[in-house]
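**Q** With the hints as extra help, turn the sequences into a complete structure.
Which chain is which? The protein sequence lines are Z and S, in order.
All letters in the first sequence, in the order written, are residues 1 to 221 by UniProt numbering.
All letters in the second sequence, in the order written, are residues 1 to 212 by UniProt numbering.
Just so you know, these hints were derived from the structure itself, not from any lab.
From a predicted model like this one, the values you see are computed outputs, not experimental measurements.
Covered stretches of chain Z, as calculated for chain S (at least 3 residues, CB under 8 Å):
1. 51-63
2. 83-97
3. 100-108
4. 141-154
Cβ-Cβ distance ranges computed for the label pairs, FRET-style:
5. Thr219(Z) <-> Lys77(S): 40 to 46 Å
6. Pro193(Z) <-> Tyr78(S): 35 to 41 Å
7. Phe62(S) <-> Ala146(Z): 18 to 24 Å
8. Pro123(S) <-> Thr128(Z): 30 to 36 Å
9. Phe62(S) <-> Gly123(Z): 48 to 54 Å
10. Lys42(Z) <-> Glu39(S): 44 to 50 Å
11. Gly126(S) <-> Pro51(Z): 37 to 43 Å
12. Gly39(Z) <-> Ser188(S): 22 to 28 Å
13. Glu39(S) <-> Ala220(Z): 53 to 59 Å
14. Ala146(Z) <-> Arg194(S): 38 to 44 Å
Cβ coordinates follow ideal geometry from the N, Cα and C atoms, glycine included.
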Amino acid sequence: MAILKLYGGKQASCTRRVATVLHELNVPFELVEIDVMNGAHKKPEYLKFQPFGQIPYIDDDGFILYETRAICRYIAAKHPKSGLIPTDPKSNALFEQAASVELTNFDPSASKAGLQLWIKKMGYTYPTDDKVIADHLETLEKKLDAYEAILSKQRYVAGETITLADIFHLPYGVYVTYDGSESDNIMNRASRPNVARWYKELVSRPSWLAYLDGVKTTTAY
Amino acid sequence: MPFKIYGFPPSTCTRRVALVCKELNVPYELIPVSIPKGEHKAPEYLKRQPFGVVPAIDDDGFTMFESRPVARYLVAKYGKGSTLVPDPKDIIATAKFEQAVSVENNHFDEPAGELFLQLVIKPMRGLPKDEERVKTLLATLNSKLDVYEMVLAKQPYLGGDILTLADLFHLPWLYGLTEKAKLDLVTSRPNVARWYQEISSRPAWQAVKDGA
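**A** What follows is the structure in structure tokens.
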């Protein structure tokens, strides 16, 4: 059985999301770096595997899959005892609800603001727009007020145990904190103590800490 | 106790849930939440759906929201023998289904929804179209549908060989863009045309396309 290959970028946001879940489940993987700076992800040889021309995708012993949340779900399905996707019908429905909330209420503004804030933090020479960042963060503030209401009643977004729905908030949940200080940023406000509690727990997980300097091939845990 | 949908009949997401109820022959009661009157932002409704959008559901006391998870729940609970969601024991079919669901959400939904806003909703409200934005959105949507054309040349449905929720989720926006905004998204794309013709002629969609 060949080692799972993750085709992506060591600092790329969506590659980090997949790596976090691979680490959560102790799955050995090889990072194959795609030269995005030189447009390798738009070349025909790449588009054969990922027709939208984005990173990452995986090759799991010949099985090709793209879309990070689909990849993460696939890995979790191979490790059902992890509980990262609940199987009991009502818990599963509430998990799907939380995963959809991340996609429709968190990601649209968090990814757009987060990507630009990350570019600025890394010092890349790529144009950013402070007004665009501010507008998306304003939208996200309101969404997080609804998160505060949800997280005041339960420990995680889907219920009392951690699931993929929580982990999907990484890495953009971290990148949006680059606007502000460590003690006062959008994920860590005095007015939203439950969001702050949940966020702090998420970013203390070994799976997130493992790749702070970038995703790398991991063969042993 | 009938399945209750708290929604607004013409709303995209309310029709998405009603469509799956019809597919599975699940009778439902639609409890109106008026968007024009702002009822979706009223405190009683926010208790059901903290983000203040429709729909929300109540299935004999079990409450939830977000139209696509509701659709998955309907199939899990009422869809015995339904192939709209693959058997979770088939890990590969499930992964391909999840990839297709993710594609709909990440590549299609945003440009399609915003185009509908610009081309149908804004004129209805007497607001001016943003022509530059429409050009950008059309370019994005067309580039995505070009990929769909390639994918659907090799397989009949977005998740593979069987029709699933991933295909049906596209109906409200595609119907709106082709029938109300009068966009031609399919003439130059025979595989997308074939696929759209099939999913849009399903009786379940015909029953709810103009109102849940």
